[in-house]
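Below are the chains, spelled out letter by letter.
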Amino acid sequence: MQRTELVKGELSFSRMIQGYWRLTDWQVTTQQLVQFIEQGLEMGITTTDHADVYGAFTEEGVFGKALKAAPHLREQIEVVTKCGILFPCDNQPRVHEKHYNTSTDYIIASAERSLKELCIDTIDVLLIHRPDPLMDADAVAEAFHRLQKDGKVRHFGVSNFTVPQFELLQSRLETPLVTNQLEISAVHSDYLFDGNLDFLQQQRIAPMAWSCLGGGDVFSADEFAPLRKVAERIGEHYNASLDQILLAFVLALPCQAMPLLGSGNIERIRRQVQALDIKLDRQHWFALLEAARGVEVP
Amino acid sequence: MQRTELVKGELSFSRMIQGYWRLTDWQVTTQQLVQFIEQGLEMGITTTDHADVYGAFTEEGVFGKALKAAPHLREQIEVVTKCGILFPCDNQPRVHEKHYNTSTDYIIASAERSLKELCIDTIDVLLIHRPDPLMDADAVAEAFHRLQKDGKVRHFGVSNFTVPQFELLQSRLETPLVTNQLEISAVHSDYLFDGNLDFLQQQRIAPMAWSCLGGGDVFSADEFAPLRKVAERIGEHYNASLDQILLAFVLALPCQAMPLLGSGNIERIRRQVQALDIKLDRQHWFALLEAARGVEVP
Amino acid sequence: MQRTELVKGELSFSRMIQGYWRLTDWQVTTQQLVQFIEQGLEMGITTTDHADVYGAFTEEGVFGKALKAAPHLREQIEVVTKCGILFPCDNQPRVHEKHYNTSTDYIIASAERSLKELCIDTIDVLLIHRPDPLMDADAVAEAFHRLQKDGKVRHFGVSNFTVPQFELLQSRLETPLVTNQLEISAVHSDYLFDGNLDFLQQQRIAPMAWSCLGGGDVFSADEFAPLRKVAERIGEHYNASLDQILLAFVLALPCQAMPLLGSGNIERIRRQVQALDIKLDRQHWFALLEAARGVEVP
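Chains as they are written, first to last, in the UniProt record's numbering: chain Z, 1 to 298; chain X, 1 to 298; chain R, 1 to 298.
Hints in this document: simulated from the structure, not taken from any laboratory. Not one of these hints is a red herring.
What the simulated footprint calls covered on chain X by chain R, stretch by stretch (three residues with Cβ under 8 Å from a Cβ of chain R suffice, anywhere in the stretch; the number is not a length):
1) 89 to 97
2) 126 to 134
3) 160 to 169
SDA-like cross-link-like pairs, simulated, lysine to any residue; straight-line CA separation at most 20 Å:
4) X:Lys98 <-> R:Leu253
5) X:Lys149 <-> X:Tyr106
6) X:Lys116 <-> X:Val34
7) R:Lys65 <-> R:Leu41
8) X:Lys68 <-> X:Thr30
9) R:Lys8 <-> R:Glu75
10) R:Lys279 <-> X:Ser103
11) X:Lys229 <-> Z:Glu97
12) Z:Lys279 <-> Z:Gly235
13) Z:Lys8 <-> Z:Glu78
14) Z:Lys98 <-> X:Leu253
15) R:Lys279 <-> X:His96
16) Z:Lys152 <-> Z:Val7
17) X:Lys149 <-> X:Ile108
18) Z:Lys279 <-> R:Thr104
19) R:Lys279 <-> R:Arg233
20) Z:Lys98 <-> X:Glu290
21) Z:Lys98 <-> X:Gly294
22) Z:Lys98 <-> X:Val295
23) Z:Lys98 <-> X:Arg233
24) Z:Lys149 <-> Z:Asp105
25) X:Lys152 <-> X:Gln76
26) Z:Lys98 <-> X:Arg293
27) R:Lys116 <-> R:Ala56
28) R:Lys279 <-> X:Leu134
29) X:Lys98 <-> R:Val297
30) R:Lys152 <-> R:Pro71
31) Z:Lys116 <-> Z:Asp90
32) X:Lys98 <-> R:Glu296
33) X:Lys98 <-> R:Phe193
34) R:Lys229 <-> X:His96
35) X:Lys279 <-> Z:Ser103
36) R:Lys98 <-> Z:Pro298
These figures come from a predicted structure and were not determined experimentally. The C-beta atom is built at its ideal place from N, Cα and C for all residues, glycine as well.
Next up, chain Z with everything else stripped away, as it sits in the complex (with noise of 0.2 Å):
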């Protein structure tokens, strides 16, 4: 599988990466688990993204056990894990309100909290999950630098952050940003000009792309029969199914997106990784950007 280096001779991630944000959801055992990591490690997908956050703040301590029961898995995948967003459920009883933290306490807390969960010694990259108004970009700065010098983490990122926000963290920070976790699909295309794409081929960063396949909607939304209907026509021409045109949409484009596979289904995960192999003729892509769009470029 490709890979991409996010640092010099210190850090590459697959390009397909393999999203755990519905882990809690798939019903596994820890040995079936062991088993869905190795076989996408056959496939070359060691990059692994996770958060606090999902399954309740519950998804990093199944994905913990793992790496628990099968201790030689840690040093060949990559962790990417995030912190930032709290919302009321039951492993948070103080929380009352949806709201995001970045100070820096809570960063710090927050990742070593994510170190036991997932059983690790360090996180490879740790992103802010949300821009949060409340940002004060010299606290993130201080947490960073706090976890960084403790080796709890290796690497800083950001996800869904805009042009003027990842250029303020930025700003405050000893050792760049290493990417930034962005929605990038053809469903939501809108997210493809407001200039974040440009930035980050600009910057030489490598976005992380999460919802390629517009979080399942495009399978069966009423609005996206366009999209569908295009990408079924452009699918017979390379023998590719849906997801594979859509994904091999995200992979044409210039800034080098990593997208993001959420499924647990390993044939899935197989049928997806082969979108690396489709190089969407222009005409071809540009249509199906048509087809979600509802008009012609200009």
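Got chain Z sorted already, so can you dock chains X and R onto it with the hints?
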């Protein structure tokens, strides 16, 4: 009262700023105004905000009479005023269309008029009141240069400028713009997310915040009923009034916004200044944001 | 006629530029076109704007016949052309979907085709016609580098690029982009406020302005009746026609926009060139803006 340093060793503002945009509606005598200024000073409010255009070009003159009657006040306060807006009114017989003027000659003439009206020798900070689509940044820079050289204005800033407008003007100046006076409030929360506050935090420039109470709409307009309800509930927690809670919301922002208080009622001012003692919990802050926007954060 | 220096000592444009996007509709003989170019030159219009795609990929060929018939014209004019848009038409039998192409090979091939069609040895300025979501800025830079090295193109620019797209491409180039051809008019005034003109003024890059008359809509569309009415009233003041007033509106902008004139009627061109003599009063400019937007400035 907290103070904010705008230019190291040269210029600082009180965290709360007295706005005089409705001074001419207050119906106060010069002696009453002197007393009002003194009562503000006792609370630590040293910074005063004016504009040529307030009171249809009469506000500065009213304030100037107080400074003339009580000359000891001048050295205890910072005088911020603005120029650039023109509209038809008795004091502008040659104006037949609301417009902006940021030409070299006009800025200088307006600043000189402000000096006369305010009965002072130097304006502490002169702001361009509105971004002018016809602004030639070199022409503004020339005006600023001459006014500074002649000792008529100490520092310059802007008001209601977007980031590209700010960067354009700054690129032509020898000295930093010291502030951008912006509409910042829970009531019009879109302004929290358009990148401007991120940019100012990055530049470590504290904005002046106008209309923190939404121009008063929040107290009565139906559309803000949900915000009122939540603010009142939270107000009970802090034993605080609606206006205090809304000011605390703005004060919590990491850009260190400096709220303008527009009331001429010294007891209301006294109550609003107490908002500085409220440290809004993050959950309360996000509850206000949700009530204002009608949706949770994502 | 005023001239605008785009590259110091190397490249300047006439302030008014002859656009040829409808040349193939003019139904003129080569000899008539030669005469038209010469009449424009007598007025000082030296800069000519083309694109591979105009006239469904036939416009450059028609213009090239004039240059071939009257070779003395070449050294008196600047030739600007564009590439990157493709759509299904007789001249593009392999194109089945409107799309953009900014690959290295395509840009070079298109520029070489333009040279042949235009019967010239060097393109003065080659523009990327539309921002391409698939633009790999390094690939464009490689094409520009080769075309410049081979003497096929002297300078490069863009058209319809946003600020982040402009900055992305510029970041990869050895020489400055010399212009951004943008839609600028009273009719579509949103473009005056999106930051692009502020950025260009900051960079001291003069945009070429297309559709200054709103593509003709302003002369008839109901939605522009208020603008027509105000423009006609103001026109009486300057003894100027509607098109002259609308051009004067664009010429008044501090970014030094260079309007494209699209007519093939030399008398209309002569009239429009006279807009250069109109110095719109600020109040008139803002009255036009208000009529176009339906609201006063704030």
